[in-house]
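From first to last, the protein sequence lines are chains A and B. Going by my numbering, the first residue of the first sequence is number 1, and it counts up by one from there. Going by my numbering, the first residue of the second sequence is number 1001, and it counts up by one from there.
Hints in this document: simulated from the structure, not taken from any laboratory. It is possible that part of the hints are untrue.
[Claimed, not checked] Simulated coverage check for chain A against chain B, where a stretch passes if three residues somewhere in it have a Cβ under 8 Å from a Cβ of chain B: (1) 155-169; (2) 214-228; (3) 386-392; (4) 506-512.
[Stated by the list, open to error] Below, simulated DSS-like cross-link-like pairs (lysine-lysine); rule was C-alpha separation at most 27 Å, straight line: (5) LYS549/A to LYS590/A; (6) LYS506/A to LYS1113/B; (7) LYS1040/B to LYS451/A; (8) LYS1113/B to LYS116/A.
[To be verified] A few chain A residues that don't get close to chain B, going by computed Cβ distances all over 12 Å: (9) THR10; (10) ARG46; (11) GLN133; (12) ALA141; (13) ALA232; (14) GLY253; (15) LYS274; (16) ASN282; (17) LYS304; (18) GLN419; (19) LEU425; (20) LYS483; (21) THR536; (22) ASP552; (23) ARG578.
All C-beta atoms, glycine included, are put in the ideal place defined by N, C-alpha and C.
Each chain, written out:
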Amino acid sequence: MNSSHIPKRTFDAVIVGGGGAGLRAALQLSQANLKVALISKVFPTRSHTVSAQGGITAALANVSDDNWHWHMYDTVKGSDYLGDQDAIEFMCRNAASAVYELEHMGLPFSRLENGKIYQRPFGGQSQNYGGEQAIRTCAAADRTGHALLHTLYQRNIAARTQFFDEFFALDLIRDDEGTVLGVVALEIETGEASLFESRATLLATGGACRIFRHSTNAHINTGDGLGMVLRAGLPLEDMEFWQFHPTGIPEVGSLISEGVRGEGGYLVNKDGEKFMQRYAPNALDLASRDVVARAIAQEIRAGKGCGEHGDYVHLKIEHLGAEKIMARLPGIRELSMQFAGADPITDPIPVTPTAHYMMGGIPTNMHGQVVSPVRYGPEEPTPGLYAVGECACVSVHGANRLGGNSLLDLVVFGRAAGQHVIEYLRENPYPRPLPQAKVDQALARLARWDKPKGTETVAGLRDEMQRIMQDHCGVYRTEALLKEGLAMLDKVEARLPNAALSDHSKMFNTARLEALELENLMAVARATLVSALARTESRGAHSREDFPKRDDDRWLRHTLYFQGTGQHRDQLDYKPVRLKPLTVDTFQPKERTY
Amino acid sequence: MRFRIYRYDPESGSAPFHQEYDLDFDPKGKKVLDALIAIKDTLDESLSFRRSCREGVCGSDGVNVNGTNVLACVTPLEGLQEPIEIRPLPRLGVIRDLIVDMAQFYQHYRAVKPYLINLDPEPENERLQSPQERAELDGLWECILCGCCTTSCPSFWWNPDKFLGPAALLQGYRFIADTRDQSTNERLDFLEDPYRLFRCHGIMNCVEVCPKGLNPTAAIGKIKSLLVKRAL
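Bound conformation, chain A alone:
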């Protein structure tokens, strides 16, 4: 295929991804009367934001005394001090206005008797810097992500954003000076590639938990933006940090919101013991997610799990009563009945730690600009390239994200990045010449799957990769386990060139999409194992049994993983954590207990 044959579309800005982050950024740009294209591989309301349940965190103080300083402290502590404190301050300071803005847009928040937005307690939330439980998470029943995603989509309809639904981005176009000039994308229905030329490109492609066999994530969470960034020669940050949500439904993976424990639910082992009191005597079931996930894993390991195989624990909420469950947790009840065969009004819900969220991702600054070490420092912006949401690493979540902070991340940084793109476009009014060779490279990704025959299948290799990651890079890790996993992944990756499709049709060829997604997943899996092997400490969600302590002297720093070739296939670099907030004093790292 030759690039001269593919159609070209020109926009001021192109956004890849139609979840909360992409839609929020698009709205900012559309409202500024810029010509913006939003490319999404699924119709936007199918994006994974829709699965967020419990809520969005902001110190509105509608229920408990609260302020953004406490929210900031909790987030820094929750991140196990790996979060960048300037970005965390920015997020927490802007949280209330971001939530009010969503309300003004029409988001149907649940309400308190006085008409204000309903808030519920979530894990890791405190008043007075580690004191009593705060009640900080704003909710629309237990479908807050659905409400947020649909509201943002609706506002974009009103703002006449130009949507390219069911277009799959193949690769970034980045010239030799490092400027990003757009993307090559595949129109799924026709199977035709086209070039989206734009002076600014914003990636909002979401997470990649589909590297694991069991995950709460949608099928579409395949790290497409991350693969694109690695292939463009840019790094990924902190890829060893994956959140295992304490309460996923075993095997199926469906998420049971932290809001369930926020509303008063608690965990018990097979003896009926409320075991969290042994692991987090103060916060109990509302300790940080990494803490609760490890506690459950230890109970299971000690033979205290429930069920035939003892591989899960029980989450009980019967005591809340049918009325409260129906009003506050209707979606959870539905999921539990559909996927666990348990009606929580009468039965406990079986739960087990399940891969849920990628704390790492594409390194950015507070404006969403993608940054990397080039010449003068570790964080030089890549001209024309932005990333927001789960695919990005700002880093506000550090080594462990607090519940309710991901939806907040989407809207705060979606808005900030959109605003910065507007300024960037003003300062960079002229298009630059497009390097044809880069366009051809992107098209080669597509042509590779035209290969008529092979000895491997995409589904087979994906299954092997997911098993490797599940078994070797889970809640607890060791050097031996990670090394073995990497050796196994090496072999699977070596077989990828032998894979071929049997379906070579053009129109809506989902087999080809899955192949392209697998390439991205493999790259993410590799970055994860290599980064995890190198970090010889335990911090947040990265628990090394051979290095059980946090080691601030050596490891209070961010990992940067680059994809190289041959002998230098994996390259690691590090950069310091930004400990200095914007206006307040640094929260100095200290021992983290709940």
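Fit chain B to the known structure of chain A by using the hints.
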């Protein structure tokens, strides 16, 4: 397990047909989507369908199973009569296999202006809404736009271009019912039309199939009674 699945390949030049698959699969606890994925992964890579969340919240995988519109990901395999017949949602154009052209459906959705219209200056904090006022939105805002209801509606089958269909009308009412919205009259003006709204004859297929348990017929009834009230 035996499946009978609608196949259409737009590039082949041949007419749609039904293909049978025998899948070695333990249906215990599994859903229709699990079987579709297993068929694609192990028997026939070319079988095409949409899917995303696999837990009934994103609305991607509306299909017709044994004659009823359902979400494949939340429909248990156990209890389904074999061969399990899976077809695309009715009345919409088929792009390929189980993938339908949703353009018309989304156009009707956009037509009801599915966004809050309130021209007052924005208050410093949230707009207040009592729990009772907010409760008026329950059963409306949870719609996932899967299309199961609209494509099960005979009125939509007869006038797909003019009748907005239950999903769009449900969303139309969602904003009428919102105390924060100021555009009720304009919304009612738009809906007061022999086709857009009044082709609904209360057949209630929509209520029967909605995978989220919503009731578009009731919402349509409420719009109608608002129109009557307004006329008096």
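Status of each hint after checking the structure:
1. 155-169: holds (count 3)
2. 214-228: Contact hint for the segment 214-228 of chain A vs chain B: holds, 3 residues under 8 Å.
3. 386-392: Violated, because only 0 residues of the segment 386-392 of chain A bring their Cβ atoms closer than 8 Å to Cβ atoms of chain B.
4. 506-512: Holds: 6 residues of the segment 506-512 of chain A have a Cβ under 8 Å from chain B.
5. LYS549/A to LYS590/A: holds (12 Å)
6. LYS506/A to LYS1113/B: violated (35 Å)
7. LYS1040/B to LYS451/A: holds (19 Å)
8. LYS1113/B to LYS116/A: holds (26 Å)
9. THR10: It holds; THR10/A is separated from chain B by about 24 Å at its closest Cβ, greater than 12 Å.
10. ARG46: violated (4 Å)
11. GLN133: holds (23 Å)
12. ALA141: About 8 Å separates ALA141/A from the closest Cβ of chain B, which leaves it inside 12 Å; violated.
13. ALA232: Non-interface label on ALA232/A holds, nearest chain B Cβ at 26 Å vs cutoff 12 Å.
14. GLY253: violated (8 Å)
15. LYS274: The claim stands: LYS274/A keeps its Cβ more than 12 Å from every Cβ of chain B (closest is about 28 Å).
16. ASN282: holds (31 Å)
17. LYS304: It holds; LYS304/A is separated from chain B by about 24 Å at its closest Cβ, greater than 12 Å.
18. GLN419: holds (18 Å)
19. LEU425: holds (26 Å)
20. LYS483: holds (30 Å)
21. THR536: holds (37 Å)
22. ASP552: Consistent with the label, ASP552/A stays out of reach of chain B, its closest Cβ about 39 Å off (over 12 Å).
23. ARG578: About 31 Å separates ARG578/A from the closest Cβ of chain B, which puts it past 12 Å; holds.
Checked against the numbered hints given earlier, this structure breaks hints 3, 6, 10, 12, 14; the rest are met.
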